[in-house]
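Student: Generate coordinates for the entire structure from the input sequences, incorporating the hints supplied.
Next come the chains, spelled out residue by residue.
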Amino acid sequence: MSFDWLAGASVAWGVGITVAIYLLLLIWTLTRPRRMVYRGAPDDKRWRDLRLWVVPLVLVQVLLYLLLR
Amino acid sequence: MVEELSFAPFSATIGACPGDDPPMHGLDITVVSLYLLGTLVLGLYLTRRVHSAPDFFIAGRRLPFWAIGMSVVVSDIGALEMVGGTAAAYRYGVAQANYEWIGCIPAMVVGGLLFTPLYWRSGVFSIPEYLGRRYGAAVQGIQALVWLVFLSAALGVFFQASAEMLLGVLGWPRWLSVGLTAAVVAVYTTGGGLEAVVLTDVIQCVILFIGGLALAAVGLSRVGGLAGLRAGLARRGPATRHHLQLLMPAGLRDGAGKPTGYPWPGIILGLGMVLSPAYWVGNQAIVQRTLGARDEWSARSSMVFGALLKTVVPVAFVLPGLLGLVLLGDRDPNGVYPQLIGELLPVGMRGLMYAAFLAALMSSVDSYTNSAATIFTRDIYGRFLARDRDDRHYLRAGRLASLGVIAFGVACVPVVARYGTIYDAFQSFLSLFQGPTLALILSGLLWRRASPAGGLAGLLVGLAAAIWFKAVLKLHYLYIAWWSFLAALVALLLVSSVTRSLPADQLRGLVLGDDGEEQAP
Chain A
1 MSFDWLAGAS
11 VAWGVGITVA
21 IYLLLLIWTL
31 TRPRRMVYRG
41 APDDKRWRDL
51 RLWVVPLVLV
61 QVLLYLLLR
Chain B
1 MVEELSFAPF
11 SATIGACPGD
21 DPPMHGLDIT
31 VVSLYLLGTL
41 VLGLYLTRRV
51 HSAPDFFIAG
61 RRLPFWAIGM
71 SVVVSDIGAL
81 EMVGGTAAAY
91 RYGVAQANYE
101 WIGCIPAMVV
111 GGLLFTPLYW
121 RSGVFSIPEY
131 LGRRYGAAVQ
141 GIQALVWLVF
151 LSAALGVFFQ
161 ASAEMLLGVL
171 GWPRWLSVGL
181 TAAVVAVYTT
191 GGGLEAVVLT
201 DVIQCVILFI
211 GGLALAAVGL
221 SRVGGLAGLR
231 AGLARRGPAT
241 RHHLQLLMPA
251 GLRDGAGKPT
261 GYPWPGIILG
271 LGMVLSPAYW
281 VGNQAIVQRT
291 LGARDEWSAR
301 SSMVFGALLK
311 TVVPVAFVLP
321 GLLGLVLLGD
331 RDPNGVYPQL
341 IGELLPVGMR
351 GLMYAAFLAA
361 LMSSVDSYTN
371 SAATIFTRDI
381 YGRFLARDRD
391 DRHYLRAGRL
401 ASLGVIAFGV
411 ACVPVVARYG
421 TIYDAFQSFL
431 SLFQGPTLAL
441 ILSGLLWRRA
451 SPAGGLAGLL
461 VGLAAAIWFK
471 AVLKLHYLYI
481 AWWSFLAALV
491 ALLLVSSVTR
501 SLPADQLRGL
511 VLGDDGEEQA
521 P
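So the sequences go chain by chain: A and B. If you count by my numbering, then the first sequence holds residues 1 to 69, one letter each, in order. If you count by my numbering, then the second sequence holds residues 1 to 521, one letter each, in order.
By construction, these hints were calculated from the structure, which means they are not laboratory data. We put the beta carbon where it would ideally sit given N, CA and C, even for glycine. Among these hints, one or two may not hold up.
Stated by the list, open to error - Partial pick of chain A residues on the chain B-facing surface, computed with a CB cut under 10 Å:
1) Gly8
2) Ser10
3) Val15
4) Ile21
5) Leu25
6) Ile27
7) Thr29
8) Arg34
9) Val37
10) Arg39
11) Pro42
12) Arg51
13) Val54
14) Val58
15) Leu67
16) Leu68
Tutor: Okay, here's the thing in structure tokens:
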């Protein structure tokens, strides 16, 4: 139950899974409907589109996990 | 974020830094005094805006997104984490940053976009209140008691641990640290409620980031930039071969033969999949701020904004651990951060860092105080002891509860000082609930068929499993979180499938899909 059977698994697997999690997060975010992202906003200015906030956030994370491995 | 920190007597090691300057220069004292005065004045000013229980508990729903985002991030950085996080980076390397990155960011984005707006629309004041509406009074009562005990007792631990640390860093006697912090926090938390907590957190966040980033920048310049840091670590030989690796091998052990706390399966499954979502979606101290957002978009964006800030946190509080390894060589890890401050920063900037220590302490204390008072007033007092009283009654009860919680925390200090391991006991106690609680929250939010009986069964089975994993199998807490989450989920699914769920009218606003936004699977 401590995942000792993974002790021999390469860290590259961990990096791959982490990057995959972030990319799935990005895809999931980008596919959110516009009305959901803006719901409750006082106006529909472009900077309020939260999908655009997540793009740099995820890309920086992916870059970090790929560089620091 | 949810890592387990050792509770060593910091003053014993920090105070022994050789060659330290006198702890406080006149300019440093001025900076610290200005910080405390500014916090107090802002808190007192905000007291005038509290006229009702919603004003007190959820800031009258007038908080901007950026303030909430900064508040949730700074509340997550305690004074212990500043020193303990740097110490962990000194020992194990950049892997400590996982607790800020994979251990925060995905859960904050999903929580912010999906779950936070639902909480906001439902109009609840607390997580136990949501669980109570979804699964009934028994689940609400158990959750409220668990959180109340943990939050109140943790205050005593914050006071004591920080007093130890400030004794070492600033030379302040314990009574001064505890008394000053408790008095200032009591004034603005009791008077201004959540709005005062969040807006003082904004000041504290600015101070923490300026101080932490300045220290990292000066240190990085001293070692010769990133190339110099890499070369400096390489010179230390095989002991630092994993120090620039975010994910570590699964079976890696420390010098004492214990797991390091960073095996990559545990980081991904335990931290990333369970503990982090449980913290960002189910922790009262975090969620309560988003309930005070001025509109639904602000509630949603506050968490995403917080996630953006989280990207930078390791630069301020993990990188210094690596810099300390290169600049200071072998020493007690808990003394690294204070000694870097002493050696790298000029007078005045040191004062800012000392203010940052106080800011980190106060941001945690005010959050826990406000959350504990909310849970006591809404989920115990208002639910079981004094139902259907008027609004002013609950406002008064909330203020008295805040004072009571702080007094309880201060009263706990001698006990905590005498029995240092009590913090570990409380931390372990809470960690047993994290997995089952997440199972209840996710099922409640996503699955209409999750029934009250299923919720109670999931909580009890998950808890029993967690105790068994800890006491008998002695699993690492990251794996306890994962397996107890699964156990609770299975029990909840099985019992819910044979028991009656809530009628549709009672589910309205509590399940994703009932607002016509996202359909539950």
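Student: So which of the earlier hints does this model not fit?
Tutor: 6 and 8
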